[in-house]
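Trainee: For reference, the chains in residue letters:
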Amino acid sequence: MTRGAIYLLFLSVSSLLTVWLLIANQAGTVGLAEKRQLVHILGITDLSLSSEARYTRHPSQADLFSPFQDFPAAFEHFPTGSIISPKPAGFSSRVKIQHQSGKQN
Amino acid sequence: MLRQLKILEFTLSSLLRRKHKNLSLIAVYTFTIATLGSVLFLTHALKLEATGSLTTAPDLVIQRVAAGRHDLIPTKYAEVIKKLPGVESVTPRIWGYYYDSLIKANLTLVGTNSHQGKLDLLEGRLPNNPKECAIGIGVSKAFGPAIGDNLVLEDSKKSRIVFSITGIFRAESNLLTNDLVVLQEMALRDFFTMSPQLATDLVVQVHNQREVKTLAKKIKYHLPDTRPITREEILHTYDTLFNWRSGMMLAVAVAALIAFCILAWDKATGISAEEKQEIGILKAIGWETSDVLAVKFWEGLVISLTSFILGILAAWIHIFVFGAPALVPLLKGWSVLFPEFQLTPAVDFYQIFTLAFLTIVPYLACTVIPSWKTAVTDPEHVMRG
Numbered sequence: 001m002t003r004g005a006i007y008l009l010f011l012s013v014s015s016l017l018t019v020w021l022l023i024a025n026q027a028g029t030v031g032l033a034e035k036r037q038l039v040h041i042l043g044i045t046d047l048s049l050s051s052e053a054r055y056t057r058h059p060s061q062a063d064l065f066s067p068f069q070d071f072p073a074a075f076e077h078f079p080t081g082s083i084i085s086p087k088p089a090g091f092s093s094r095v096k097i098q099h100q101s102g103k104q105n
Numbered sequence: 001m002l003r004q005l006k007i008l009e010f011t012l013s014s015l016l017r018r019k020h021k022n023l024s025l026i027a028v029y030t031f032t033i034a035t036l037g038s039v040l041f042l043t044h045a046l047k048l049e050a051t052g053s054l055t056t057a058p059d060l061v062i063q064r065v066a067a068g069r070h071d072l073i074p075t076k077y078a079e080v081i082k083k084l085p086g087v088e089s090v091t092p093r094i095w096g097y098y099y100d101s102l103i104k105a106n107l108t109l110v111g112t113n114s115h116q117g118k119l120d121l122l123e124g125r126l127p128n129n130p131k132e133c134a135i136g137i138g139v140s141k142a143f144g145p146a147i148g149d150n151l152v153l154e155d156s157k158k159s160r161i162v163f164s165i166t167g168i169f170r171a172e173s174n175l176l177t178n179d180l181v182v183l184q185e186m187a188l189r190d191f192f193t194m195s196p197q198l199a200t201d202l203v204v205q206v207h208n209q210r211e212v213k214t215l216a217k218k219i220k221y222h223l224p225d226t227r228p229i230t231r232e233e234i235l236h237t238y239d240t241l242f243n244w245r246s247g248m249m250l251a252v253a254v255a256a257l258i259a260f261c262i263l264a265w266d267k268a269t270g271i272s273a274e275e276k277q278e279i280g281i282l283k284a285i286g287w288e289t290s291d292v293l294a295v296k297f298w299e300g301l302v303i304s305l306t307s308f309i310l311g312i313l314a315a316w317i318h319i320f321v322f323g324a325p326a327l328v329p330l331l332k333g334w335s336v337l338f339p340e341f342q343l344t345p346a347v348d349f350y351q352i353f354t355l356a357f358l359t360i361v362p363y364l365a366c367t368v369i370p371s372w373k374t375a376v377t378d379p380e381h382v383m384r385g
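Residue numbers (our numbering), protein chains in the order written: chain A, 1 to 105; chain B, 1 to 385.
Calculated from the structure, these hints are not laboratory results. Where a beta carbon is used, it is the ideal one built from N, C-alpha and C, also for glycine. There could be a bad hint or two in this list.
Simulated pairs of lysine-lysine, DSSO-like, Cα-Cα distance not exceeding 27 Å [stated by the list, open to error]:
1. A:K87 x B:K218
2. A:K96 x B:K213
3. B:K332 x A:K87
4. B:K217 x B:K76
5. B:K267 x A:K87
6. B:K276 x B:K76
7. A:K87 x B:K217
Residues from chain B shown here face chain A by an in silico Cβ test under 8 Å; the list is partial [unchecked claim]:
8. S13
9. S14
10. A50
11. T55
12. S335
Please model the complete structure; the sequences and the hints are all you need to start from.
Mentor: Structure follows, in structure tokens:
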């Protein structure tokens, strides 16, 4: 019975430790009010994560073509471009086709 | 209960007989869970950090788009926007980038109007004359200046401009300010030799938050070459950037899941001759098929549960104690200035339960099903191989 009891004890302790770490430490973001004050005063729109390219430094502000900015049909060449993709906020233009019959798609 | 405890006792003895094999299995399984868990913890914590702090970002940012690219916006557009009902204020903003070719770092230069109040996350103060600046801690660490030192930058005419450093943003804010150099708006306009009739973008504050989308549509109608970006869209950007379909999840988590599938597949495609013989002997001495299945169920549960808990603990320590050293290179890329972040522990239990379901249940099935196939075969036939 010893091994079973030792294993169950180990499992209980590690489970409790995990649950405690997951629950008890969730105190909310530290200094949230101060960060919000900073964001408000400086008008910050993005996290200062990756500063290698402007579309990964400011993903919410970059235009859709900035990842391919060097020349037409250029390949993406910044490593974080594969992790932080461009987000098309604020664009509303569409491509429409007019068939000869005059019916629009 | 006692019966199950005895079966567990037998299972543990059986696992210990093949301890090298089972310990390596637990190590691989734990590593896979730790990898998956680390990505979940990191992306969730970053998402909370962004969506928590950016709730005070501008209501609307108006950019001008020319030839499909972001272009400088005429400040006269502000007059058109101001006249729209519901608009509280329109402020032209000046900001841009500065590249240091020596250490190959990109700095973000931001212009601000004089703010007299105290910023809690700033050591010192914001600039209050054109010859002053405040810098992020990343800039301070990369170039080594302290408050009172001078920061010398080359402007668009290649003249060296000296700014006295009046403040350094505290480390707690480095996810927002790491690469910032904050200057007075007019000083930055001169630095970029930007005409007073132009700005980088316009910040619009709106009286009623429910009117933001309507105002964005109106601005787009009156000024068709603009791109209005609402705060909701900024928050949505970060929500989607770090969700389960994000690039990081695809890059790391899918690879780890495939590794786990190979592990489970190997287990499911057959059990070893030694294990088959063990099942045959148990059946020969009178064990029922259900007893054999109970042993195999416990075996799978002991290995998967132990690995899952150890993996989650390892992931938590990796992300929230050590600052995600294994995942940071993915986000860093070729960035020279990268924040040393200390993330606030934040866990999405839905994701943890999904991870548990996707790893424990298939592993249990892969352990029990091949054993069931062996257990229902004639013991003599099994023992003879």
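Trainee: Quick check: which numbered hints come out false for this structure?
Mentor: Numbers 5, 6, 9 - these are the hints that the structure violates, sorted from lowest upward.
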